[in-house]
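Please build the complex by placing chain B on the supplied structure of chain A, with the hints as guidance.
Quick mapping for you: the protein sequence lines, in order, are chains A and B. Per the working numbering, the first sequence starts with residue 1, numbered consecutively. Per the working numbering, the second sequence starts with residue 1, numbered consecutively.
A hint or two may mislead.
Stated by the list, open to error - In the DSSO-like style, the derived pairs of lysine-lysine whose C-alpha atoms are separated by at most 27 angstroms in a straight line are: (1) B:155 x A:63; (2) A:63 x B:151; (3) A:180 x A:305; (4) B:2 x B:151; (5) B:155 x B:180.
Calculated directly from the structure, the hints in this document are not laboratory data.
Here is what each chain is made of, one letter per residue.
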Amino acid sequence: MSQCSPNALCFGDGLPGAGVPCHAEVNPAGLVLDLGEASAETIPFSSFSIDAGGFDHDHLVLKWQARSGSRTLYLKDPHLIRAFRQAAPPELTAHVERTAQQVRRARHGRRTILLVALGSLVGLILLLWLGSDTLVQMAVSRIPVEWEQPIGEAARSQFLAGQTVVKEGPAVAAVQEITKRLADAAPGNPYKFEVTVVRSDVVNAFALPGGYVVVFTGLLKKAESPEEVAGVLAHELNHVLLRHGLERIVKTAGLVAVVTIVVGDQQGLVGLAKRLGVELLTLKFGREQETQADLQGLQLLHRAKIAPDGMIHFFERLSESDKLQVEILSTHPMSAARADRLKAEAASLSRQTPEPFSFEWSAVQAGL
Amino acid sequence: MKSEILYPGAFPMVRVELAAGETVKAESGAMVACSPTVDVESKMEGGFLGALSRRMLSGEKFFFQTLRATRGAGEVLLAPTVPGDIVILELDGVNEYLVQKDGFLAGADSVKIESKMQSLSRGLLGGEGFFILRMSGTGTLVLNSFGAIHKVELKPDQEYIVDNSHLVAWTATTSYNIEKASAGWIASFTSGEGLVCRFRGPGVVYIQSRNPGGFGNWIRQFIPVSE
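Just chain B, with the same shape it has in the complex:
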């Protein structure tokens, strides 16, 4: 499986080349186009219960689509729903990524996806919900974001603070705590930041340059209200 990003920037697309018999799994509805040799199947990753828990718990879709090059080699074009950058990561069996629920676009069949419970305070306050997706295994993993993706590399014990609604993914070796943005509670909220995540290295944190919730609030004022 070989993948490349087309039109990087706000409206990118991923081209995935599949050898005969190879499969790629993608977020439901992600396929834009594919070769006639490729079949689209839907699959409940992790079995029915796994899919159910992912749907119920993390809000991710119940079905993933599986694209299989059944009748010979072919290519697949995939795109996310929201405008924003795409990043391609390679999992080597050792590194693992934790991904917020809308961040997954596609992955090789050998990538394992499970929902993972966060601790109570992270779940309540982190803005990512109680459950996030944990990606492990080997192979290519494609993540998407809202806006541009920015990669932050942290050295051991190096700290970095990220507004929680700008998080896309982070490596399992990074730990984080939720804290208020300013010293006081009132200042935290009036500054517009509210709660932030303090990450501690080593590892990598991917952040998105736009906040989906903030964008939603902004665009709501332009939507005509129906009677």
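Same shape as in the complex, but just chain A:
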């Protein structure tokens, strides 16, 4: 081999299959090729036929007939290829340009495919990101109501494990009556609401998917009238009717939940709900969901012929007094905007005479 380092591979009759590394140089007469055997030979430009080749189409392939048979030379070095293009006569250059064009097109095509693939991936992610609410609602609408029961049941028994349940008494009867009036007034209500009264000073109430309602005695103590309790319950029942808890599960658990639902695996969904816990099912609704539950709650009160301002009073009164001990306010803060919205909505409802409840509120409170 010559002193110069090889910059091309030569193939052909009588040469090894892997090719012979050789050194090529361009001069005005043609290509000087040093195969390392004898003296370098100069091959005139006129004897070449030109093509592009190699894995990436980035080799310049020169073919010619030598005395010892046909020869094929693969050039990779960009400097050498440029020198060859500059020195070659016009009729050969035209062919080189055409070949280069071909290579560029092949590379461009590959880049386009890569870009399209990347673009569609990004598009898909964006679609999932922006359309996630729609997707969640679609998934939720596929869940049959019967599936909600085990989910809510699982969450309720998990919650009630450490609590004292009030089994009977005027308070339980009163809450049941309020719930029944609201449930009967809800149009097309598929749920059978089941009320549990829990002995606790915490001022709170919540409803779980499937229609499991939990009311704390603290809330009943703080309420000045059954209309105030009804206001809170109307809001909570609407979280169930509007399936906000399920939306929450699907949103949090994401794809797993959606797949579970589409495949129809109820057990998996219950397991998910258990993992997420009762807090997630009840307390952390989005602002949009709260507004929805507020407005629908007011309309439900109106339909049930219960004075709709109880709820507004209750929250306003509570937020003025002791803010810290009232748990329901931490998740339902009574902002001025919320009060205004509720008042405006209440004012827009047609006037009607409220029907009283069958119990005495003072007797209910005395029994707590």
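Chain B in isolation, oriented as in the chain A frame:
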């Protein structure tokens, strides 16, 4: 760096002799034994992103191990995971090899390794994945296969057809296309060959005498299923 194959055949090993200060890079976990003068380091070839892309794209390992004769000359014994032949190639700066993702065993420090995207049809159908390794630079390159390694030399424009799961490596001057094994689609799959690669010379193609995927399917029937 001098290397020789010990026990050629199904269970070979490579002995690499390193001069003081010399290094060899090998597939992670390839070292069997070495002189006390040699230090084992792990290295992300091509930097973090290069290593990441190699890991993500070609399925090759994230780290290579680098064996450095820090305290004087020494030797290193290297072996692949799977039973099969080893071949030692010399890169001279001009020739380049494209290697399927499990084919790399070791290489001199001056050997450059990068992942290379194949065209869409080759990537989808070739059975090698979208990304393969491209070896360039200078120095010794050691490849391993599953089964025996067979070398096919192709003259310019000579064609040869290889079942794609039997490919180990080929030179960058060879081009190839994916096609179905028989004239019809159904015959292609019922003949058990499915898709094949039609290589076109000049260059060299290394093929392995056993198909790892086929062997995996065969051995699966003997593995007890745990409840």
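Here is what the structure says about each hint:
no. : hint          : in the structure
1   : B:155 x A:63  : holds (13 angstroms)
2   : A:63 x B:151  : holds (25 angstroms)
3   : A:180 x A:305 : holds (13 angstroms)
4   : B:2 x B:151   : holds (22 angstroms)
5   : B:155 x B:180 : holds (23 angstroms)
Violation of the numbered hints given earlier is absent; every hint is satisfied by the structure.
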